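S.K.: Sequence:
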Amino acid sequence: MAAQGQEREIQKNYWAEHSADLTVEAMMLDSKAADLDKEERPEVMSLFSWI
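Numbered according to my numbering, the sequence shown spans residues 1 to 51.
Everything labelled a hint here was simulated from the structure, so no lab data went into it. Since the model is a prediction, treat every value here as computed from it, not as a measurement. Backbone N, C-alpha and C fix where the C-beta goes; we use that ideal spot for every residue, glycine too. Wrong hints could be hidden among the right ones.
[Said to hold, decoys possible] Cβ pair distances, simulated, as ranges:
#, residue 1, residue 2, range
1, Ala-26, Leu-47, 21 to 29 Å
2, Leu-29, Ala-2, 22 to 30 Å
3, Ser-31, Ile-51, 26 to 34 Å
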């Protein structure tokens with residue numbers, strides 16, 4: 001049970017560190033996420049055209 005608590009703390013710290021910046025790169029954990037976003041966003045947004 002202690003190992004689970006330790007693993008949870010490790011995961012919590014990891015995500016706290018990697019989600020501090022509110023950027024696409026931080027969200028995707030990918031330094032090239034802006035390029036992917038640029039290519040994919042139009043298609044994704046087109047799926048919401050009915051809203």
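S.K.: Please check whether Ala-26 and Leu-47 have a Cβ separation lying inside 21 to 29 Å.
M.R.: Holds, at about 24 Å.
S.K.: Take the C-beta atom of Leu-29 and the C-beta atom of Ala-2, compute their distance, and say whether it sits inside 22 to 30 Å.
M.R.: 28 Å, holds
S.K.: Does the Cβ distance between Ser-31 and Ile-51 fall inside 26 to 34 Å?
M.R.: 31 Å, holds
The structure shown violates none of the earlier numbered hints.
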